[in-house]
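Read off the chains here:
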Amino acid sequence: MWYFVSPQIVFGEGALDALDDVRGARALLVTDVNVARVGLVDKVTVHLRKAGLAWRVFDAVEPDPSTETALAGARVALEHEPDWIIAVGGGSVMDAAKAIWILYERPDLEPADINPMVDLNLRRKARLITIPTTSGTGSEVTWAIVLTDTAEQRKMSLGNRENTADLAIVDPAMVMGMPPRLTADTGLDALTHAIEGYTCTWHTDLTDGLCLDAARKIFAYLPRAVADGRDMEARERMHNAATVAGLGFGNSLASMAHATGHALGAVFHIPHGRAVSLLLPYTIEYIAAEAPERFADVARLLGFGCDDDPEAARRLAAEIRRLCDVIGSPTSIAALGIDRETFAARVTDLVERAFNDASLMTAARSPDYDELQRIFEYAYDGTSIDF
Amino acid sequence: MSIKFPSDEWIKQLSEHLNGSPSYEQSAKNWEGDFVFIVEPDEAYAETAYLYLGLYHGKSPDAMQVSSPDEKEAGYIISAPFSSWRKVIEGKLDPIQGMMTRRLKLQGDMKMIMRYPKAAKEIIACTKLIPTDFGD
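Here the protein sequences come in this chain order: A and B.
For the record, in the first sequence the residue sitting at position 111 is 111 according to my numbering, with numbers rising by one throughout.
Heads up, my numbering is the position in the second sequence plus 1000, with the first residue counted as 1.
These are computed hints drawn from the structure, not numbers from a lab.
All the pointers check out, no bait thrown in.
In the DSS-like style, the derived pairs of lysine-lysine whose C-alpha atoms are separated by at most 25 Å in a straight line are:
(1) B:K1029 / A:K155
(2) B:K1072 / B:K1029
(3) B:K1059 / B:K1029
(4) B:K1111 / A:K155
(5) B:K1004 / B:K1128
(6) B:K1087 / B:K1111
Here the structure is a predicted model, which is why all the values come from computation and not from measurement.
So that you can see chain B by itself, here it is in the shape it has in the complex (with noise of 0.2 Å):
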């Protein structure tokens, strides 16, 4: 059965394939630093939603859909509307260039995501795991 994006539900099922993954663990054993994602309105999706992703030393802890950016302190937050995320999860925008080209925007220190690069790409890797309805 697929599962909506975004929700909570989806989120959580990406923490759980993140703590399912070796090489994610492997790609970001050092890595602490949370996220949250704000999906922004656009003419596929009329709602603003936030995702909330726990990420510490290769493992996902926690992760839920919240009602704001305020309410779980993550030191990173990327918005970008629901279309471009929807790009990215189906493996048609690169995370990397998504940041480069300003179409996803973040707030928190790039240069720190620019040490993990393996670690974004193992994470999009379980996206992709997920069977997700995007509404359609």
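Just chain A, same shape as in the assembly (with noise of 0.2 Å):
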């Protein structure tokens, strides 16, 4: 038994026109500066004025959100008392529009009473829009919230299937200006997204295709779109291959990349997509030497495979590293700039973090600590795995 949940989700070019039925008196805004004032929101709230909603902007998320910024958002939402929490951004602002929204409806709860099995009994004051500005995250469309807990400097993964928004738009228009470097980060996120969602333990039959289509559109797209952001349907075609991935590992999980790439991030300040999907290809190594199977799946529909298990799935790796290679990204951890003392003195940090991750349990071999330590160190090198 297990669950399959998703929101209304409308997507292609005007998908924003859907606001214009939305029902309600009042919707607080949730996004961040940047979003704000490249005029993102402002294409938001067209909209809104055509439905007869007043509405407020709460601007102040920043990367990787704390549980302060989303309990700051609740006040304003208990003030505003909004029908509707639209979410405008990308996915830290969608997951702290998410817990925002909870602790709105629920501000007897702290944002680390957000998990899986408490029922939240939402939806008594506000429902929620996701309106993602980045082709990666597919927080449009999962239950996950991932915010900072300052104080103990820890990424804490929260989150209930109640959250799932109620309408995801997904409209194009709303990446059209985003730059390179962004498009190359957050397409590897929906990539590694695909991947891990089809390969980890807990994937099922509901998941599976999603999960493989989502992987072959980004092979096939994400290096036209990084490459000439004006490119309107490699633009579109990401765009869409971000919500099918979402849909695919949001109702899977993630796996061992993103268990080490939150400790890279988290301890470098590595942005999340480039984090993950520069240890992708080293986790596939890592798992394929004991399950190469399902890897295997993913090379073969690429393109990529061979009748051998084991060799198709070390290809994978090498073609993930190869498109990394195409759009500038990097495939090591040296090339992020870290010198090697540095490193040294928080890989035992980074160790502990992915070991103490939520994402490690999905992954169909289970490292050990000092294995842990090795894969860090072997993505440090850019060395394939070979243990």
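With the hints as a guide, bring the two chains together.
As structure tokens, this is what we get:
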């Protein structure tokens, strides 16, 4: 027994028009200052005006949002009493908006109380709309929330099926201005979702096809979207693929590249997509040494495969590195500009964090502490895993 | 020789395996909180059984079958029918997924458990080391 959850999804050119039909009195727009500065919030409020909604903007969401930010947003919501929470932004904004919504509905809860086992009884005050402005996170369709506990300098994986958005609006107009670096980072995040959603031990019949097709589209269209941001077809296909990957991994789970990538991102302040995708080939090589079959499936679907499963899995890892090279994304920790002494001083911290990350539990091969350290060391040097 | 589940001998075996597992010790080195596992009756098992497992800083100081959940103070109580426990032990039901779908019901601080997913996985790995007799 398992669940498949999804918002209603409106996608494609003109999807923002769906906001014209939203019924209610007030909305709280959750966003960040950059999204607001480049005019993407204005693209949304045009439609809210047509719908007759009053709105207030909370634009204080920072990258890797903190629990304090979520609580601050909830206080604004409690003052404004919105019928709708509308997230306009990337993964950080959408994660924060989910937490703000929950804490608005349930001011008796602390952020750390948001877990999959509790009854939240949401939707008594408001509902949630997610509008992604990057093509990668998938947060518009998942129930996952990642907040940072600033006191402990720890990322907390939170969320509950109930806090899945009611409506996700996936409109390519919201990503046309993404710069190449952001396009690459977020696109590689989506690729990591697709591959881990298919290969983790929580994969399901209902998510396999989504993950595989998302991986195929990302390999085909990400290089084009990075090379030419005006390539409308590539932009739209990438935007859809990120959402499809979100549906896939959001209903299975992420795995070891996320566990190690979360650690790398937290310790060295590396953007999420760059961190997880850098580590993805190494984790594939490690896991596939004992469980290559599903990686080989992906490789064959993408046209990199061969009859021998372990070899096909290794080819998949190599092709991911090649894709990273093509779009200018680093494939080793050293290439991130981290010197060896700094890395050595923090490697224990990396291992500790990865070892206790929830995403590690779905890896088909479970590393011990020493193996995790070796994986990070190999990834520092850019050496393929051979153990 | 197989060891009957649930039984005092079985939970003591689990405790021994945990104490011999470096992976468990590493993953639970800061864990504080004992468990009572309640095995509820179903069509495959007619009785109710209570298994207490002490867990502290990566070790299991003691373990025993008890006659009620109140006999030993425990921060966490997980209850499930016999057949669900069997699926967990046989690796057919992930315990975290089991709790998320309410097939395993938890009383206790869930947010603490979510901070130690690797430890949960290591406990299940240790159950698989026990040659278990499910009374078939």
